[in-house]
Amino acid sequence: MCCSNNITEKGLQPGTPDKSYLDRIKGMQFFDPHIHMSSRTTDDYEAMADAGIVAVIEPAFWLGQPRTGIDTFRDYYSSLIGWERFRSSQFGIKHYCTIGLNSREANNEALAEQVMEILPLFVYKEGVVGVGEIGFDDQTPAEEKYYRLQLGLAKEAGLPVQIHTPHRDKKRGTTRSMDIALEHGLDPAMVIVDHNNEETMKEVLDRGFWAAFTIYPFTKMGNERMAGIVKQYGTERIMINSAADWGISDPLAVPKTAALMKDMGISDADIRMVTYQNAITAFAQSGQIDESDFTTVKNIDQSLKFSGNTILRGGQQLRTDKSSIIIR
Amino acid sequence: MMSHYQSEALKILLSAIVRQNVTPEVWNWLNDKVSQTDGSRQFNIAFVSVPRKTGKSLIGVTEEQESALRKEGAGLTIASWTIDRLCRVWLLAMLNSADKARYFQTIENLFLTAEVGELVALYSALPVLAYPEMWSKRCAEGVRSNIGAALEAIMCNNPYPAAYLNEQAWNQLVLKAFFTEKPVEQIIGLDERANPDLAKTLSDYAHERWAAKRPVNPQIWRCTGKFINADIFPDIERLASSEHDFEREAAALACSDSHYPPAQELLNKMPGIKSSITSGELNWNILAEKIKNHVLQ
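Taken in sequence, the protein lines are chains A and B.
So the first sequence is numbered by our numbering: it starts at 1203 and just counts up by one.
So the second sequence is numbered by our numbering: it starts at 457 and just counts up by one.
Misleading hints may appear alongside valid ones.
Said to hold, decoys possible - Going by beta-carbon spacing under 10 angstroms, a handful of chain A positions derived as facing chain B:
id, residue
1, TRP1264
2, ARG1276
3, GLY1329
4, PHE1496
Honestly, the hints are just simulated from the structure, not real lab data.
Ideal Cβ positions, reconstructed from N, Cα and C, are used throughout, including at glycine.
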């Protein structure tokens, strides 16, 4: 999520796109385990597919303003397992999600109670790979209450947990999130602690949790720092995501970081671990990820011709020439 | 209207096909779930968790079973189904329907929280649900979906829409099938439910496509032949002078469906195609097949 940053004249100038990094990661496959595609455009889906992203996880989150009724929660969860899943498949990207009540909206207790009632309807659905993103924001008693209740739900359903760690008072919030998870008897191997930085990661890894890093401009990790972490600490239980959403963020953060890591001399095998394999290993504990599905969703034949025009099977979207001013 | 919906014979057939496609453990699990009498909670969990038990591979069906199904199920075709889809449809077919209001609410709630695979199964199950007239609004709502797989489950090889949608909803289904480039030859009742209003709508649609210089599926004229009049005839003439074989064949087929004298005359000007229509070498289904094979080349 975006926050304020210091504005300079230089910072306001538009950049020129340089896509040469795509050549350096050609043939590599990426899995972005945290991205809010409902807030993104079809152009993003196309660019992600072109950059080698084969699958994503979309955690349920805050929409930028609070919801006022249970029906909008229900429709949002439905859209994650329905419409967005379909939209993604049109670009050959396999879409999974995690379902949960985010920390901010846990503070509306009357509504939170109703949300807790409908969550069991969704967490058992196909392609739901965890309970998330849950945890702390302001670290209020209400946030703690619904965090605990959802840890119970995850345990009952045998699903991994995707924890959002707070922007403010991050270090203590992260420690507290892990303390509570252990208190509820969760196996740290089933818990992905998200939005780590240099200050939080050591404790997360030492206690046996998965450490996810969000490459997000201005407020979270930058990818040079990220590459430095992988160089220093290796790849065990580390994964990278974009958390791209409605703020200034980058849905190509994972492939871009892979290219940067390559430039900085990190091996392909290590890059693969942090941009693909570790996320799959962690979330496949849900029993809901089958890597062969990544190819199935790609098997959409665009070569079919009808009266000289390409037609689409399986709902695949035609490509348009973005550089042309002609729109047909 | 259709007494064979919810027929015992259809259920027995489906049961046999399910049984031969799952392990004994899964078969027992499924039977255990439908025999639960505590209502919707157990049923919901079973419906949602089917793929975890069954996997998602394609089912095997014998030719005899397929033809028996088509007969008992008014054209229902399941050969391309996956096992999770079949088992979910079977669960729905077996659901106790004695309490009509409760039965409706249980299934309606499944629709409200369905993911894509569940939506496909739910719409596929329309022909085997009890109180068939009760689902026509839900079916029409499904046609408004933009999720391709859900649309195909309603439109393709599903006998429910032709039997229960009113004309307005039916026309939307056909138009949307063309619009979203679905295999329209798989729409059950496509020829039988053709009507003047649909013919006019499809003709307008063709004009829009022509104006945009976009291709028009020749099968559009399959639904217009019987209603060729002074308004539609110029479209058919245009088609008859096309450089594409498929379009000329479609024009001839449309004319052969028509009693409008100028259409008959036009057909006589295409003696080659006319004779293959008379001999049975060409009909709409054969044309559909030819187009498909051409597309796949």
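To see whether the hints hold, each was checked on the structure:
1. TRP1264: Hint violated; TRP1264 (chain A) Cβ to chain B Cβ min 21 angstroms, cut 10 angstroms.
2. ARG1276: Interface hint status for ARG1276 (chain A): holds (7 angstroms vs cutoff 10 angstroms).
3. GLY1329: holds (7 angstroms)
4. PHE1496: Given a least distance of 14 angstroms, the restraint on PHE1496 (chain A) is violated.
Checked against the numbered hints listed earlier, the structure breaks hints 1, 4; every other hint is satisfied.
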